[in-house]
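Protein sequences appear in the order of chains A and B.
Just so it is clear: in the first sequence, position 210 is 191 by the working numbering, and no numbers are missing.
Just so it is clear: in the second sequence, position 118 is 112 by the working numbering, and no numbers are missing.
Some hints could be false.
[Unchecked claim] Which residues of chain B face chain A? A partial, calculated answer using Cβ under 7 Å:
hint	residue
1	N54
2	C145
3	F147
4	A172
5	Y185
6	Y198
7	M199
[Stated by the list, open to error] Pairs of lysine to aspartate or glutamate residues, derived as EDC-like cross-links and limited to a Cα-Cα distance of at most 20 Å, are as follows:
hint	chain 1	residue 1	chain 2	residue 2
8	A	K412	A	E427
9	A	K475	A	D334
10	A	K92	A	D72
11	A	K740	B	D139
12	A	K66	A	D55
13	A	K92	A	E122
14	B	K75	A	D73
15	B	K75	A	D676
16	A	K6	B	D139
17	B	K75	A	D142
18	A	K333	A	D215
19	A	K52	A	D72
20	A	K408	A	D543
21	A	K450	A	D334
Think of the hints as simulated: they come from the structure by calculation, not from any bench.
Glycine included, each C-beta is placed from N, C-alpha and C at the ideal position.
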Amino acid sequence: MADAVQTNAKRIESAEPRPFGSGYKLIGRDYTTPDMMAKVTGRSRYAEDFRAEGMLFCRLVLSPMPHGRIKHIDASEALAMPGVKAVLTADDIPAQADYLDDNGRTIKASKWGERALTNEPMYQGDPILAVAAVNELTCAEAIERIRIEMDPLPFVIDPLDSLRPGGPNPLKDGNVWVRPKPPATGGPQVSELKWTDADFAEYEQGRLPMGEAPDTWSYGDLEAGFRGAALVLDESFVTPDVSHQCLESRTAMAHWQNSKLYLHTGTQSTYQTAPAIARWMNLTPDQVVLVSEYTGGGFGSKVTGTVIMIIPAILSRKLNAPVMMRISREEEHFIGRARPSIAGRARIGFAKDGRITALDFYTVTNSGAYDEASDGGSAGRIVSLLYQPTAMRWRGVTVMTNTPTRSAQSAPGGMQGIAIIEPVLAKAARKLGVDQVALRRVNCPEGKAEYAAPNRDGKRPHATSCFLKMALDRGAEQFRWQERMARPKRMGTKVRGAGVSLSCYVGGTIGFDGLLVITREGRVQFHSGIGNLGTESVMDVHRAGAEVLDVPWEICDVVWGDTSRVMPYTCASGGSQTTHAMTRAAFAVATTARQQLKEVAARSLGGKPEDYEVRNARVFRKDGAGISFAEAAQKAIELGGIYDGHQAPADVHKVTKSAVAALAGQGLVVAARDNAPRDGDTYSFVASFAEVEVDVETGKYFITDFLAYGDVGTVLHPHSLGGQMLGRSTLGIAHAIGQKWVIDPEYGATVAKRFYQNKPPTILDVPVDMQWAALNIPDPETPVGARGVGEPPVGGGCASILNALSDALGDEIFQRAPVNADTILASLDAGRPMQHPLMGSI
Amino acid sequence: MPEMEDAKISASKEHRITRRRFILGVIAGGAVVGAASYKILSPGGRTRGAGERWITLNVNGRMRRVEVMRQETLAWTLRYKLGLTGTKLGCDRAECGACTVLIDDVPHYSCSVLTNTVRGKRVTTIEGLAGADGTLHPVQQAVVDEQGFQCAFCMSGFIMSAVGFLKKHPAPTRTELAHGISGNLCRCQDYNKILDAMMRGAEYMRRA
Ligand code: FES
Ligand code: FES
């Protein structure tokens, strides 16, 4: 109900969980998304499904060495072959340009940014040239006839190797990312950092060296916290590098028409990708049309596409023909991004009841080649929010290496932080004789929980709201935690173990625009700049708009997936911000539309706008006089100005203004900016529970039960929420049970680069009846109360499995993830963790 | 364990990972050590000089004349020659199941079947599943009703696997069905909802 939406923020004091959809007609109810029929019948077209008259193909040549310089490329023989059209090298790629961000600030192009092709490949698999030809077979034959001379350069794979005294640098400028010291401004820079031999003194004991850290923050009295602790643990732990491995690789097809680039590709963010392409191509945003109706997964690897997609665009311009660049699974391994491994060390002081009195956290992030991965900093912030230590210090170093480029992956940093800290909590609970759930409970954030270091104004940032304790309690109940604890653990060679983990991640941004048209046919047409990457937020958020307008969903249409079809200023779909940001925008535009409908009705039928109500696609007075949406649209066109898009609101983004202009005269055209206030930063929370059964004779284990219980605000669409809760939990579980990169440190060569070597969990790796639940308590700081949920379950997925394993096997089996059969057998035999303790990619 | 230590490295910098420790780490880590590839990557798999020839295929109940290379895969023919792009390529190497189609009602990875070998057989793709009047197959309808899948890139492969499996095993348990479709990978990891949808599909098929 519309009024329910509007008064939500006021009604939440009671903070009682409620059934999904209560008080609403659309929000919280399942429905069929408008893209479903096309998907289920195979008609949905992903980038590789497009064909065009005269379409050429291109293929990439990837660097065979982890760092080198191209001396000479001789493509003459290849170019002489029939059917070969062009060879593209780094010399053909436009220089990185400075650009204006959304707020009009100039962002300087980074000299260490990734380019589409390079003459100094920074990792094995870095693209060095592309060949276009009439078909892929010809491309392949041409590639065999291209002679490339390269000089090898020094390289480094392991961050700690690079930090040793005299250790190698990944490139001549240095090995670590540092922020310029004020008053200097600008982005992070690469500079050289070497630690001392003394820093490495404990390396051989498997303890993470902690030399000088470029980044640090702290709050509270750490030493006092440790002094007063009943137990202090000091643990090192390594998380794996894990590829995103979207099932759809980053294929792209480009063609030009009237000096406009049409690019078909899979991306997480439709609106936000067009300006990114424009930047990489040195074009203006209005010269780019992005078509991306369907995207085969993103997980952070396709936030605004990747620079590689300009290759077919440049070739297409050069050859005056459409060009398709298919990316193979193996190529995708190299260019498709991955979560960076973090080697972490945590010294944690606990009171007798398990409350954390002090937490000293150090992270070494393997950032890979090119741009900085900010996972370390985010690990620190998430840990601080999630476990509320009385005093905390975070220190971090982010190291560039000659390994493939990393990027954000669902819960970047949060996942690694949780995976590093949770096993320490599990160990502490065992040492203190405290129940695992009870230990999480005393450390659980609540309400407007504060986190990280104070801001410039001396205040610590805080969350908008947190009801995780309730989710933990309800989850423990539903998972029958106590009952499981009471059961015998061992049956023959099988040992059971149960694990619990807290989890959270950011859940939303603010300040974007909504755009809708009430058409002459009386339909409500929502324009969505959100990418269709499978999370369904591209559709779901507009249900909130329909709810505010009190119209049946059947008369609503969502326009998405093609920037030529006009889009409002929309957030990037990454960082789980979309559900929050864009329900707010949908709420804003629908609220404005209600008001404008009333104004239009008053101007048609007399009276004041306040006399009118909006319901069921009509605007009417109490005495029954009214007009339909179709009539209102017609009237809006007659009125013109702000009603039919000839004039746009002053406060919307300039992109929205041009969208409004493009729609002018099509009906009641409404745009609005999300100006709703918010106190705090938006986070979503999850309590995760898992049980495993380990066969100690074979080391093989199964996950027998799993539950994720969410505190994610108002539930918009239960089916899609359930998919996210369990899907992203499983993405996290992958880090615990087997996925990782393996790179040969001598040659810098990847040895796990296909699905069968580096496989995401299959349907047999998870229980057949995984469970999820959500509190459905609206967030008080956002109109509809809904927050994002893609990332919050990830860390808990991984850590609940790790904790279940240590519950079954004890604390001496692993100090890194993933944990697999070999780990278990070798370590059980030796009575201590048997894998390399500090290197991620091994 | 054969001695694989690289003396040069281990002697000069003992703190570095030696060859032997690396290999041990890999083995202990359980990863499969593939032949490390230093070659410049090319799409591979297609030898040159093989001419095309015309053959007739029975696809989705229609006889289609198509010119194919001897080494051409069925996925390629379907997608690039017959315009049936509902069949997806996730790996092109029999690792993910995105390309699954039915050949005489049995699910196969079409990326790993040569087109030449399916002459005289019935090939069914996702496009051929619904009735001529557009009525969805019960498994498709179940996916709609359960809002199964996320990005759906794996969807057609899963649906084809499930349809093939359910023809032989009309009343599976959830675990049996999971085994039946375990040759398909979903990177969105939407397995629970996929199973919900497929179990409902089984029920619809039994009722149909
Ligand atoms: S594309 Fe055929 S199995 Fe992956
Ligand atoms: S739904 Fe995305 S791969 Fe399965």
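Results of checking the hints against the structure:
At its closest, the beta carbon of N54(B) sits 10 Å from a beta carbon of chain A; the interface hint therefore is violated under the 7 Å criterion. Evaluation of the C145(B) hint against chain A yields a held restraint, the C-beta minimum of about 3 Å falling below 7 Å. The restraint placing F147(B) at the interface with chain A holds, with a minimum CB-CB distance near 3 Å, inside the 7 Å limit. A cut of 7 Å between beta carbons decides the hint on A172(B): the least distance to chain A is about 5 Å, and the hint holds.
A least Cβ separation of about 5 Å between Y185(B) and chain A falls short of the 7 Å threshold, and the interface hint therefore holds. Taking 7 Å as the C-beta cut-off, the interface hint given for Y198(B) is violated, the closest approach to chain A being about 13 Å. Checking M199(B) against chain A: minimum C-beta separation of about 15 Å lies over 7 Å; hint violated. Pair hint K412(A) plus E427(A) does not hold up; C-alpha atoms about 26 Å apart against a cutoff of 20 Å.
This hinted pair does not check out: K475(A) and D334(A) have alpha carbons roughly 31 Å apart, beyond 20 Å. A hinted pair counts as satisfied when its Cα atoms are at most 20 Å apart, and K92(A) with D72(A) qualifies at roughly 16 Å. Using a Cα cut-off of 20 Å, the hinted pair K740(A) and D139(B) is violated, with the two alpha carbons roughly 30 Å apart. Distance check on the hinted pair: K66(A) and D55(A) sit about 15 Å apart at the alpha-carbon level, within 20 Å; holds.
Restraint check for K92(A) and E122(A): the C-alpha separation of about 35 Å exceeds 20 Å, so the hint is violated. Under the criterion of a C-alpha separation no larger than 20 Å, the hint pairing K75(B) with D73(A) is inconsistent with the structure, at around 33 Å. Restraint check for K75(B) and D676(A): the C-alpha separation of about 50 Å exceeds 20 Å, so the hint is violated. For the hint linking K6(A) to D139(B), the alpha-carbon distance of about 19 Å falls within 20 Å, and the restraint holds.
About 51 Å separates the Cα atoms of K75(B) and D142(A), which puts this hinted pair outside 20 Å; it is violated. Note on K333(A) and D215(A): the hinted pairing holds, with a Cα-Cα distance of about 17 Å set against a maximum of 20 Å. For the proposed pair K52(A) and D72(A), the alpha carbon gap of about 13 Å is at most 20 Å, so the pair holds. As the CA atoms of K408(A) and D543(A) are separated by approximately 51 Å, the hinted pair breaks the 20 Å bound.
Straight-line distance between C-alpha atoms of K450(A) and D334(A) comes to about 16 Å, which keeps the hinted pair within the 20 Å bound.
Hints 1, 6, 7, 8, 9, 11, 13, 14, 15, 17 and 20 from the list above are not met by this structure, while the remaining hints are.
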